[in-house]
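Chemist: Chain residues, written in single-letter form:
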Amino acid sequence: MPEPPEFEHRLEIPADMGPPITGPNAFGDDPKRLWRLAWTLAVTDFKLRFFGSALGYLWTLMRPLMLFGVLYFVFAVLFNLGATAKFQPVALLLGIVMFQFLGEATQMSVRSLLQREALVRKIDFPLLAVPLAAVLTAIFSLVLNFIPITAFLLLSGGRPMLSWIEVPFLMLALALFAFGLACLLSSLFVRYRDIEPIWDVILQLLFYASPIIYPIQKILDDHRIPRSVPRLLMANPFAAIMQQARHAFVDPSHLDAAAALGQSWRVAVPICVTVGVAALGVFVFVRRTPSIAEGL
Amino acid sequence: MSDVRPEETAIVVDRVSKQFDLPREQVHTLKERFLHPLRSSQTDTLHALRDVSFDVRKGEFFGIAGRNGSGKSTLLKCVAGIYGTTAGDIYVKGQVSTFIELGVGFNPDLPASDNILLNATMLGLSPKESRSRIDSVLDFAELREFGDLKLKNYSSGMMVRLAFSVMIQVDAEVLIIDEVLAVGDAAFQQKCYDEFERIRRSGKTVLFVTHDMGAIRRFCDRAVLLEKGRLIAEGNPRDVGLRYLQLNFSAEARATERVAAEEQAKTVAQAAADGHAPPPAEPVVLTADDEVVVGQGGAEITEAWFEDEDGAPQLILNSNQVYAFAMRVRFTHDTDDPLFAVSVTTGSWQQIFGAASVYSDPCPGRFRAGEEVVWRAWFQNILGPDRYQVSCAVSLADGNHLQHRERMFSIVSATTRPTGSIVDIPYRLELQREGTTREMVS
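Protein chains in written order, with this note's numbering: chain L, 1 to 296; chain D, 1001 to 1442.
Keep in mind that the hints are not guaranteed to be accurate.
Stated by the list, open to error - Listed below are the simulated DSBU-like cross-link pairs for lysine-lysine, each with C-alpha atoms no more than 30 Å apart in a straight line:
| no. | chain 1 | residue 1 | chain 2 | residue 2 |
| --- | --- | --- | --- | --- |
| 1 | D | Lys-1191 | D | Lys-1093 |
| 2 | D | Lys-1128 | D | Lys-1228 |
| 3 | L | Lys-47 | D | Lys-1150 |
| 4 | D | Lys-1058 | D | Lys-1191 |
| 5 | L | Lys-32 | D | Lys-1093 |
| 6 | L | Lys-32 | L | Lys-47 |
| 7 | D | Lys-1228 | D | Lys-1093 |
| 8 | D | Lys-1150 | D | Lys-1128 |
| 9 | L | Lys-32 | D | Lys-1058 |
| 10 | D | Lys-1058 | D | Lys-1228 |
| 11 | L | Lys-218 | L | Lys-86 |
| 12 | D | Lys-1191 | L | Lys-32 |
| 13 | D | Lys-1150 | D | Lys-1058 |
| 14 | D | Lys-1093 | L | Lys-47 |
| 15 | D | Lys-1152 | D | Lys-1093 |
| 16 | D | Lys-1191 | D | Lys-1150 |
| 17 | D | Lys-1191 | L | Lys-47 |
| 18 | D | Lys-1191 | D | Lys-1228 |
Source of the hints: derived by calculation from the structure; they are not laboratory data.
Kindly generate the complete structure, drawing on both the sequences and the hints.
Modeler: Have a look at this one:
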């Protein structure tokens, strides 16, 4: 087979053509399109999960409730860890549900680009919609899970408080943290496939490194533990946000983030970590965007 | 060609090259990266596109042809913005919609209406616009009563109809379409063709990638041909189509073609097994090793052979003797004035001899279903010594094949004097010398 002959072509680029196209794009030209795309993807995913089985919603609820049951029995009843603040079981459930959100959002996003390979390789769309959709789907579950928690709280004798207003903002902060991680994980997974098991291990660590089953008060009160330990634990955005949510939502007797950190200014640490992770995640995602479709 | 063609440029592809770096050893994990930090630098470079340039005017239906692996899909993905380019720039004016594949993002567990919503949103419509178009999509696809049926219960034909219907609902100025007409039953295919005509007339710019030269000739105003990542032809669809056929019938191409034919045969068989989609208009049925049988049916070529003047079948043809190509045709439908044809080609796919009843007088007349005829084409064999491929066909007056058996069998032409030429035309020699002319007998 001889080499095909060179084909010569003279081109003029008209002045009114505008700039050349940029190739794969993380944000797209229109932020609205990015948003509604992510929204549609998330809604579809959510529907699939719930309409797949008649008891779909109940099943998603069962997981945190089962875990709650076990942990409550072991740690609160057997070891009696939970006597530092009011409504400790509700606080435990809240912690579990919030952690489940973080786990779900990040674990779903790791494989999200691969799962949507058909879209990524065949349609030009803002790729950031993919991890965003994973986080949105997890937010839907989180919102639904607040229904039983609220019911549980009210049944335990809790009352609605003005500080509940804080809760949506806290959840948004958590979502931002999760989104940063989602961007980071999903884009790196395209190249490094062992991100998935590694992240599972890190999540496990994060679960026990957060004051979910043990109250942070216990750590602070224990004189054998150096003061730097609770500060380090609370630098983790998840721990700080969860602790603040317990304070705002369950009962003021739970330490707020500032108190758990020792000083108010230290709240800046988890905030900076959250913003930093989000910025890093988006930065890495944008940097990798051109090679995502080819790398899958 | 299109009625309106303002001389305004819609797409410019300016010296575009695209390379893929394929790691020689797949380094896919962090662990490997840490263990072998130096190894990952070794990559093979695949040049998918090399210095490709062309421009497309507004309102043009522009075809991109090429064999498998020629880079045409990569080019399309670059223009669509799915891949970045390694070198060169692409300019696109206006809103683009990409249809690399029909029904991208369709989810089998969701009903059709949800899938329409999803697909239309992916393609760039707002959710409100998508919702308002669900009905018209279902109507066009003739699937009104199946709107709430989950997609997994759809036949493949229904799925294609749905996907195509969504596609044409997206109003973009520039449409990028990759072989979407390959499937669907004949009636719906016709509808799609009609819709293509409409898109063409509406002044939209279409970039269309296909193997199907028929579609290129039918719809495209202009076309380019890619081979091994290079642009090797540009111009009117007919010339590009011819160039494509030349490429395709090179020996190398035939192997790929056969694989494709087998694939298509499988798809057709699958569709038939599903019991839903009637096979496409010209199904490809594989018979012998190299043979390709196409046609809409209605007549069958049951047998074909060469015979000498005494009617004895021959496998070797001697030079300058008279032979007949004969084929036995059985009609399975009533047929008026069918055409019979035979063509003899060399191994490099050059046609040497063709005989057809297209100019015959009187017309063959009407044949009843079940009738069997033998058609003969008598000729004097002047083929050079070689093995030749024989193809034959029965078609209707409008050119549609009832059955076309390509490369049905081969025949050997033998000759006592090797000339090195393709044909051995009878000749007479003469030598003139000092007033005397002597005939020379060879």
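Chemist: If a hint holds in the structure, say so; if it doesn't, say that too.
Modeler: Hint-by-hint comparison with the structure:
1. D:Lys-1191 to D:Lys-1093: holds (29 Å)
2. D:Lys-1128 to D:Lys-1228: violated (44 Å)
3. L:Lys-47 to D:Lys-1150: holds (13 Å)
4. D:Lys-1058 to D:Lys-1191: OK: D:Lys-1058 and D:Lys-1191 at ~24 Å, within 30 Å.
5. L:Lys-32 to D:Lys-1093: Holds, because 21 Å separates the two Cα atoms, which is no more than 30 Å.
6. L:Lys-32 to L:Lys-47: holds (22 Å)
7. D:Lys-1228 to D:Lys-1093: Cα-Cα ~28 Å, so holds.
8. D:Lys-1150 to D:Lys-1128: Measuring from Cα to Cα gives roughly 22 Å; hence the hint holds.
9. L:Lys-32 to D:Lys-1058: Roughly 28 Å between the alpha carbons, so the hint for L:Lys-32 and D:Lys-1058 holds.
10. D:Lys-1058 to D:Lys-1228: Holds, at about 28 Å.
11. L:Lys-218 to L:Lys-86: Between L:Lys-218 and L:Lys-86 the Cα gap is close to 14 Å, so the pair holds against 30 Å.
12. D:Lys-1191 to L:Lys-32: Roughly 34 Å between the alpha carbons, so the hint for D:Lys-1191 and L:Lys-32 is violated.
13. D:Lys-1150 to D:Lys-1058: Violated - the C-alpha atoms of D:Lys-1058 and D:Lys-1150 are around 39 Å apart, more than 30 Å.
14. D:Lys-1093 to L:Lys-47: The hint is violated at about 37 Å.
15. D:Lys-1152 to D:Lys-1093: Violated, at about 38 Å.
16. D:Lys-1191 to D:Lys-1150: At roughly 24 Å apart (the allowed maximum being 30 Å), D:Lys-1150 and D:Lys-1191 satisfy the hint.
17. D:Lys-1191 to L:Lys-47: violated (34 Å)
18. D:Lys-1191 to D:Lys-1228: Measuring from Cα to Cα gives roughly 34 Å; hence the hint is violated.
When the structure is compared with the earlier hints, violations turn up for hints 2, 12, 13, 14, 15, 17 and 18 and for no others.
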